[in-house]
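> Input sequences plus hints: build the corresponding full structure.
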Amino acid sequence: MSAAQVLRFAVAGLSANKLRSALTMLGILIGVGSVILVVAVGNGSSQSVQNAISSLGASSITVLHTEGSAAGSTSSTTAFAEPQNLTVQDAEALAAAPGVTAVSPVVDTSETLSIGGTSDTDVSITGTYPAYLASENDTLSAGADFTTQQVNSAANVVILGSEAASDLFGTANPIGGSVLVDGIPFTVVGVLASKGSSGLGSADNTAIAPLTSVQDQLTGFGSLDDVIVQAKSSGQVDTVEGEITAILNQRHDETAADEDFEVLSASSILSTASSASSTFTVLLAAIAAISLLVGGIGITNIMLVTVTERTREIGIRKAIGATPGVILAQFITEATLLSLIGGVLGVVVGVLGTRFQIDGVKPVVVSFSIPLALGFSVLVGLIFGGFPANRAAGMRPADALRYE
Amino acid sequence: MTSAPYPVIRLESVVKVYGAGQAAVQALRGVSLDVAERDYVAIMGASGSGKSTMMNIIGCLDVPTEGKFLIDGIDTGYLDEQQLAVVRNRKIGFVFQSFNLIPRMAALHNVELPLSYRGVKHAERRSRAEAALHLVGLADRMNSQPKQLSGGQQQRVAVARALVTNPSLILADEPTGNLDSKASRDLMGVFDQLNAAGRTIVLITHEADVAAHAKRVIQVQDGRIVADRRVAAPDVLPPLLTQQAVSS
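Those protein sequence lines, which keep their order, are chains A and B. Start counting the first sequence at 64; every next residue gets the next number (this note's numbering). Start counting the second sequence at 651; every next residue gets the next number (this note's numbering).
Looking from chain B toward chain A, a few residues come up when the C-beta cut is under 8 Å (computed): (1) Asn706; (2) Gly709; (3) Glu731; (4) Ala735; (5) Val736; (6) Arg738; (7) Asn739; (8) Asn750; (9) Arg754; (10) Pro764; (11) Ser766; (12) Tyr767; (13) Arg768; (14) Arg811.
Please keep in mind that the hints were generated in silico from the structure rather than gathered at the bench. Note that the Cβ used here is the ideal one computed from N, Cα and C, for glycine as well.
Here it is as structure tokens:
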């Protein structure tokens with residue numbers, strides 16, 4: 064009995080009841096297809112988050128102002144340290160550190176922009192220094208950056224994000240135009256190139272203005288929200304992070320336990336974000352794997368029916384000399400063929416599905432997910448087909464022949 | 651004509667009990683029987699007499715509870731299911747009452763099947779199956795599926811399948827039970843020819859005119875052999891063929 068003949072008998076067995084075989088395959092198809100698709104969507108979204116974060120610039124470091132940690136002082140003899148403001152002076156001090164090329168103190172606020180009352184739009188406004196654009200990898204599609212002199216004189220000038228610009232000015236040229244920010248006129252000096260969606264909301268519905276004018280007109284002179292520090296190179300980021308922590312701790316008279324700031328680099332954000340998205344991917348893939356398991360149970364079910372239906376045929380085959388091993392091989396091959404064909408079709412459907420954008424995410428197929436899902440589907444056929452096949456192989460020929 | 655060292659089949663005090671304890675049923679109560687090479691034996695009995703149990707034991711489809719069953723000198727009591735399958739494949743050709751062809755499989759492939767299980771190569775399998783179908787007069791229906799064939803034709807495919815492995819014994823269980831009288835006569839004619847050509851045949855039947863084809867008629871009743879009538883010697887032509895030869 065050659066393997067080719069076992070295969071031929073199995074194909075004949077499956078094609079005897081095509082609808083039933085097709086429906087059983089569908090269970091595996093859905094399981095394998097969804098595993099591949101879900102893993103691809105998870106991978107795609109984690110890549111888009113990574114792209115968004117790395118577009119911040121590999122060598123830029125963000126110092127965030129926080130409320131400080133109260134837990135740090137439980138055993139300490141010193142009193143609770145009041146969180147101190149992150150100030151422009153802090154930023155200037157950081158600029159003096161050896162690995163730092165530029166600092167951009169930042170205040171963030173959200174305001175309504177309008178031109179003469181007809182159209183208005185809510186945008187997030189960043190007040191900062193000219194170096195901000197380079198640190199954030201922002202580029203201008205029109206106009207120019209504001210100058211350090213304009214910062215010093217608190218000039219009312221603004222750079223619009225591409226979406227904010229088109230919302231307010233439509234197709235007209237915004238450069239030189241006047242925009243009312245919370246009713247205060249600002250002159251548009253530049254428009255940013257579009258950055259697209261980062262998966263975290265539009266990155267284009269923004270405006271950037273000199274730090275001094277934003278504090279003057281909009282936010283007041285409280286703490287900075289953060290300071291963007293530009294390291295000399297991406298290789299020096301770790302060193303510079305240490306320098307920043309040391310300088311700020313010294314200036315704020317703090318220890319590591321009660322810091323009122325947080326230092327984030329692109330790489331540290333990246334690792335946090337990718338670990339979060341991989342957790343989601345694993346969760347979703349587990350759910351998809353459960354559907355594969357359900358498909359496998361479908362195989363067991365249908366093979367049990369098949370074995371019962373073909374009891375007499377099994378009896379005949381045994382009477383004319385089929386050994387238990389041959390019968391076992393035939394039915395296991397049938398089950399495995401079901402799951403393998405279902406698995407291959409599932410890969411095709413899954414890969415086709417990744418060509419579409421799903422909820423704003425472009426799925427990226429993870430190459431190892433294909434052999435993994437296929438291998439798993441074959442395993443499902445072997446395991447879930449094994450029990451019915453074993454039942455067929457163990458039938459007593461005299462009883463099987465008598466079966467009506 | 652030299653006689654074989656062993657009888658083709660030998661039953662020694664075979665007892666077969668189904669069930670256990672109170673519910674135990676003795677289907678065979680000590681049956682001893684030798685069947686020689688080239689013999690043509692009809693086993694007759696009413697339903698419930700134990701003849702189907704005998705057929706299962708002779709066919710290696712079931713094993714005796716007590717006693718011994720030997721085929722070509724091989725004691726089947728020492729064989730496992732795997733080895734019994736090989737014995738069935740090599741030593742026995744089955745013909746059943748309900749034909750028992752595999753559905754959706756052409757006549758030729760049905761006949762090839764026992765050779766497949768034996769591992770015979772494709773070309774040889776094909777030519778032997780074609781020869782066997784030719785012998786039963788179905789050379790023109792090789793590619794027909796069972797449901798496209800009449801009962802008589804299906805039973806002749808089954809006979810071809812039984813022949814194709816060149817077995818020591820052809821074992822037929824009520825082979826004419828589902829056939830009309832014309833098809834029955836044709837089929838029994840095929841059996842007579844096979845026996846004349848040297849095949850050993852055991853027929854299980856309850857019809858006297860079927861048993862009339864055999865050289866030896868055994869009556870079974872309540873699990874015992876109650877009569878064993880020899881009509882003709884094993885190495886002569888079967889009785890009905892002899893009559894035809896005389897009358898023509």
